[in-house]
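The task is simple: from the sequences and hints, build the whole structure.
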Amino acid sequence: MVRLKWRYRKRLRKKYGRLIWKVKNRKGRKGFFKSTVHRYPRRNYRILVANEYIAAHLAKSLGLPVARVIQAHVRGPRGRIKRGLISMQAKGGQVIPWKKAKKKLLKKPHKYVKQAKKLARLVAFDAWILNPDRSDRNLILHKKKSGKKYKWYGIDHGISLFGNPTKWNLRRAKKKFSCKKAYKFCLHSGDKKKQRIPRGLKRFTRDNRKQLGKMVKKIQAMPKGKLKKAIRRVPKGLLTKAEKKFIQKVLLCRHKHLKKALKRVSKHFA
1 MVRLKWRYRK RLRKKYGRLI WKVKNRKGRK GFFKSTVHRY PRRNYRILVA NEYIAAHLAK
61 SLGLPVARVI QAHVRGPRGR IKRGLISMQA KGGQVIPWKK AKKKLLKKPH KYVKQAKKLA
121 RLVAFDAWIL NPDRSDRNLI LHKKKSGKKY KWYGIDHGIS LFGNPTKWNL RRAKKKFSCK
181 KAYKFCLHSG DKKKQRIPRG LKRFTRDNRK QLGKMVKKIQ AMPKGKLKKA IRRVPKGLLT
241 KAEKKFIQKV LLCRHKHLKK ALKRVSKHFA
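Numbered according to the working numbering, the sequence shown spans residues 1 to 270.
Some hints here could point you the wrong way.
Subject to a maximum C-alpha distance of 25 angstroms in a straight line, what follows is the list of computed SDA-like cross-link-like pairs (lysine to any residue) [what the hints assert, rightly or not]:
(1) K100 with R196
(2) K22 with Y153
(3) K82 with T166
(4) K184 with K149
(5) K149 with T166
(6) K214 with P235
(7) K91 with R13
(8) K118 with P223
(9) K111 with K144
(10) K228 with R206
(11) K184 with K249
(12) K60 with K175
(13) K10 with K117
(14) K218 with Y183
(15) K256 with A173
(16) K118 with H257
(17) K267 with K149
(18) K108 with K144
(19) K102 with K148
(20) K117 with A90
(21) K181 with K244
(22) K175 with Q195
(23) K181 with K217
Hints in this document: simulated from the structure, not taken from any laboratory.
Because the structure is a prediction, the values reported are computed rather than measured.
What follows is the structure in structure tokens.
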């Protein structure tokens, strides 16, 4: 019998083959629970987990704040137990998504957000890991009641790297992916999505282009061993050897073509 440590609080979304709930554990810690709702839950769930675990480890290795991710079981509103991932919410104080930030913060993030320059670096990171879903909901601001400036962290990397879990197919991905065209976005997953950038950050990133360059150098300097370590973070039995080898190849190829990829992204800056 599964021991349930987390409780369902509220449903937020059910979209793109995934459902997202607000949850809370017995100690009062809060988080965002994510699970698959497709008819092939095992296949889709393992890719969802892989995307989240690899992306979170790579972000931390590059000095970018991201939520801690854990696997858990939660009983839903109809009594059915679901297996999924929880992105831990920051403790106490005020916690809001970027979507609810005031206009003055969106215009001048450096005045109201700590480590604001890293927000520009986040654009380069998302380009590298093929993350099309950095929406206003997936960037979180938090501060203590007495704090003057917000801190921030990223959540939800579920359709980065391998792409949408419901569409993943290794054979098709291998046919589509080419190192010569590695600068293109979502090439291997078959999606036609473009990289999303939260409100206000297009202009902010344009004004802080040096940060893009710094992140590109940091990514390109990352040793191959760290990539392998990030991939090994995925719980055992969820990825095949061929899938591990493929995603490592994708990331290494995008190392080389990252500047070209960012030029394509920069065309959409305000």
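Exercise for the section: Hint by hint, work out which the structure violates, then give me just those numbers in ascending order. Expected result: The structure breaks hints 4, 5, 6, 10, 12, 13 and 17; every other hint is satisfied.
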